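Quick mapping for you: the protein sequence lines, in order, are chains B and Z.
Just so we're aligned: the first sequence equals residues 3 to 159 in my numbering.
Just so we're aligned: the second sequence equals residues 3 to 159 in my numbering.
Honestly, the hints are just simulated from the structure, not real lab data.
Honestly, I wouldn't trust all of these hints.
Output of the computed footprint for chain B on chain Z, the stretches with three or more beta carbons under 8 Å from beta carbons of chain B [what the hints assert, rightly or not]: (1) 46–56; (2) 96–102; (3) 135–142.
Footprint (simulated), chain Z over chain B, 3 or more residues, beta carbon under 8 Å [as the list claims (entries may be wrong)]: (4) 95–102; (5) 109–115.
Model, not experiment: these values are computed from the prediction.
Cβ coordinates follow ideal geometry from the N, Cα and C atoms, glycine included.
Residue-level listing of the chains:
There are 2 protein chains.
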Amino acid sequence: MSEAAPLISENDPVLDSDFAIEMVRQMRAIDTYGNYDNWPVNKILDPFVLTKEMKREIPIIGDPDEIIMARVKAFYNAIASLIEKECGLMAVPLMHLSYEGFGRVIITVGKLVVMDRTLRDMHRFGFPSFSKMKDEADKLLSVALEIIGKHSEVAGM
Amino acid sequence: MSEAAPLISENDPVLDSDFAIEMVRQMRAIDTYGNYDNWPVNKILDPFVLTKEMKREIPIIGDPDEIIMARVKAFYNAIASLIEKECGLMAVPLMHLSYEGFGRVIITVGKLVVMDRTLRDMHRFGFPSFSKMKDEADKLLSVALEIIGKHSEVAGM
Numbered sequence: 003m004s005e006a007a008p009l010i011s012e013n014d015p016v017l018d019s020d021f022a023i024e025m026v027r028q029m030r031a032i033d034t035y036g037n038y039d040n041w042p043v044n045k046i047l048d049p050f051v052l053t054k055e056m057k058r059e060i061p062i063i064g065d066p067d068e069i070i071m072a073r074v075k076a077f078y079n080a081i082a083s084l085i086e087k088e089c090g091l092m093a094v095p096l097m098h099l100s101y102e103g104f105g106r107v108i109i110t111v112g113k114l115v116v117m118d119r120t121l122r123d124m125h126r127f128g129f130p131s132f133s134k135m136k137d138e139a140d141k142l143l144s145v146a147l148e149i150i151g152k153h154s155e156v157a158g159m
Numbered sequence: 003m004s005e006a007a008p009l010i011s012e013n014d015p016v017l018d019s020d021f022a023i024e025m026v027r028q029m030r031a032i033d034t035y036g037n038y039d040n041w042p043v044n045k046i047l048d049p050f051v052l053t054k055e056m057k058r059e060i061p062i063i064g065d066p067d068e069i070i071m072a073r074v075k076a077f078y079n080a081i082a083s084l085i086e087k088e089c090g091l092m093a094v095p096l097m098h099l100s101y102e103g104f105g106r107v108i109i110t111v112g113k114l115v116v117m118d119r120t121l122r123d124m125h126r127f128g129f130p131s132f133s134k135m136k137d138e139a140d141k142l143l144s145v146a147l148e149i150i151g152k153h154s155e156v157a158g159m
């Protein structure tokens, strides 16, 4: 909860991407008490950036708290939402995360698994920079869309 | 925790089925303290039977406890295990269940979703009789194998 300057610059061009807009939407959706209402978007997305130095300061073994779990969910919900927008079919995320921070997250479209990831060390969830985070999202999205294109029949089931 | 006679007869022929054998295996797997070691199989599987009368006595709204959640998991793990045995490909269950007893369980084989169910009212999880439970399992199994047969390429991904 440091009050240091955000790691994401408010002029970061990545903030205008569909991905960033969707991420902000997901974060606002879980903001029950409206804490983020007056926050600029770079401040809302800031907790997703975890530099190497910051990561090093977190113990290797630890349990993720509710806030981190909600963040992990927000990230994969955003991916699912972008997949849905691109292919026009409903994309549903399903996450199983133990309280120890291990688990699995998948996104299904119809009967097709379009993303499947093992989760671990979730108490240290974060990306080296915001543009790296977007790269990661773009990769997941393009792989998912490729699978849907190849097996559209199963995706439409 | 009544000490009434088990609802499943010890001579029930369904107890010899692959399904029952797998169910017992799953139940023993979660029996960390070996409480079931000296139990006959009909007693181990008895909690899965919930007659209409028993169901009526459980409040409509309630939270499932850890024991019930473990039972739900055991059931779907057994289904996954039977699918795996039949098709020779790894079948992986993934369950998301909120503490309120709502959720979703899916089983994937490769990139194919072979079973997908919404879970609700899990605090009243149970089957009217043991043979009805096996019927349910058989149905899930045959639907899953049919999907795998139709989309073997995706199942093998």
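Hints and how they fare:
1. A stretch counts as covered by a chain when three or more of its residues have a beta carbon under 8 Å from one of that chain; for the region 46–56 of chain Z and chain B the count is 0, and the coverage is violated.
2. Evaluation of the coverage hint for the region 96–102 of chain Z: fulfilled, as 3 residues show C-beta separations to chain B shorter than 8 Å, against a requirement of three.
3. Counting residues of the region 135–142 of chain Z whose beta carbon lies closer than 8 Å to any beta carbon of chain B gives 0, which falls below the threshold of three, so the coverage claim is violated.
4. Against chain Z, the region 95–102 of chain B contributes 3 residues with a C-beta closer than 8 Å to a partner C-beta. That satisfies the three-residue criterion, and the hint holds.
5. For the region 109–115 of chain B, the assignment as covered by chain Z holds, since 5 residues bring a beta-carbon within under 8 Å of that chain's beta-carbons and 3 suffice.
In this structure, the earlier hints numbered 1, 3 are contradicted, and the remaining ones agree with it.
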